Amino acid sequence: MNIDEIFDYTSFTIDREPHIVLDKDVCAGCDQRGCVNCCPARCYTWSEAEGKMTFVHDGCLECGTCYVVCQRNAFSRWNYPRGGYGVAYRMT
Amino acid sequence: MKREFQAIVVGAGPAGSSAALTMARAGLDVALIERGTFPGEKNMFGGLLHRMTSIEEVFPDFWSRAPLERHIAKKGTTFMTGEASFNVQHETVNFDRTPYNGYTVFRPRFDRWLAEEAVSAGATLLNRSTVEDVVIRNGKIAGVTIAGRKGEISAPVIVAADGVLSFTAKKAGLRKPQFSPDQMAVGVKALFDMPKEVIDDRFGLVRNQGFANEYVGCTGGVRGGGFLYTNYDTISVGIVVHISSLRDSGKTPYDLLNDFLAQPQFTKLLRGGRLQEYSAHVIPEGGYAMIPELYGDGILVAGDAAALCNATGVNLEGINLASHSGILAARTIIDAHERKDFSRSTLKRYKERLDLSWVMQDLKGFKNAPKMLHIERIYNEYPELVCSMMEHIYRIDGTPKTSIPKLMLREAREKVGLKNVLSDLFTAWRAL
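In the order they appear, the protein sequences are chains A and B. Residue numbers 1 to 92, in this note's numbering, belong to the letters of the first sequence in order. Residue numbers 1 to 432, in this note's numbering, belong to the letters of the second sequence in order.
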């Protein structure tokens, strides 16, 4: 199971607008960053050099882990994708 | 489009569709709102649909009617280390005849079927509709709004069956704004295809018999476990780990999953299988202690949204509790319509019904299970202890054998410490 190949296994209808938006200042001041290792789809990456957290919504499985693990409420938006968008399971 | 209903159900999963089905059969005009393009598209779980007695009351021929993969005739538990494993299995003819004790299912098929049954009974299914907000008028729930659409869908009462994060319950002020990572787990799953005959031979099955196995000690010391379930011609394998423990470990769920899949005794079971799908979801594992407010003026909360999940370490039940809670919520709403009163004082009957049912009795009965499942030693030391003890018992190496009781004491002292064993036994005794 290579997480880089997630789009080969799991289907997504990707919206232009992300359904999750981070408050980058909160992330920059966070020393836990559980989102980075806990996200099952590796949507979060932390750049030590830039002191910046990046979230890419494309492969988001809408599982809710980041919402639970983040205790700083760093989300200026955490919605499920609007109807018809996001992950589309076939047989799980 | 019609916009006024007698009840709205948010989420067409097992809780929501059971609620909509029950209300529609009683003649209520009910809207079932689903954010996927069809019910089940967004839903994943390990793979075990436990027996749903309350759905069997509606469909006495459930097992020939619902889209099921296999019925579970054989269950197993494996204590695992990186190099060894010790298996315990149970099988009975009683689980091989109707009414079956449980099944494997695919959620995009099963959830869709249950929602379609609700539609056949008269419910209105609204797909591709993500609820944006809860409309509150004069302190009472009056309906919901849908993201990207104008206007509202109104009803005097709604059921929040929108899953573990339940933003509907949050907006109605029924759940805490923040969850504790100590009470939540994340499950990740890989689905492999495999010809039916290979599955039958490999796991000792015939006809539509299925096998469900749980694993302890396969999660790199992170609190959690693994699973393997046989579907008709695919197998589901995955791990479930506590989010706080995963966070502290710094490990990723997919690396843990890959390590599990690569364990020598496990990897043999997957031989020839091709990965078909990867999925993940949060599971409410806090048990009785994390149940939110279950009702308010014009609102009831059911299923995962109400944290009705019973993780005892032996079984991980959720879908059956969800369905039953949905049915009890529906019955309460049917009564409320007769009284034309949707206030808290009428809807509290839902909680009374739940308290009297096996759902709450089980959750109360196992309310200490989460504490037991927080014993770190379960996930490393004990599987090590079991496997090493068995190896000593079986090993022939030209030295005199130690008696088994002596061996047990020695291994327990070395690997865990006798005081810890006693305290853990006490915790487990209270939990189970």
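These are calculated hints, taken from the structure and not from any lab test. What you are looking at is a predicted structure, and each value in this text was computed from that prediction instead of being measured. One or more of the hints may lead you astray.
Stated by the list, open to error - Capping the alpha-carbon separation at 25 Å, the derived lysine-lysine pairs in BS3-like fashion look like this:
(1) 176(B) <-> 419(B)
(2) 367(B) <-> 351(B)
(3) 24(A) <-> 251(B)
(4) 171(B) <-> 351(B)
(5) 251(B) <-> 52(A)
(6) 419(B) <-> 406(B)
Hints and how they fare:
no., hint, in the structure
1, 176(B) <-> 419(B), "violated, 38 Å"
2, 367(B) <-> 351(B), "holds, 17 Å"
3, 24(A) <-> 251(B), "holds, 23 Å"
4, 171(B) <-> 351(B), "holds, 20 Å"
5, 251(B) <-> 52(A), "holds, 20 Å"
6, 419(B) <-> 406(B), "holds, 17 Å"
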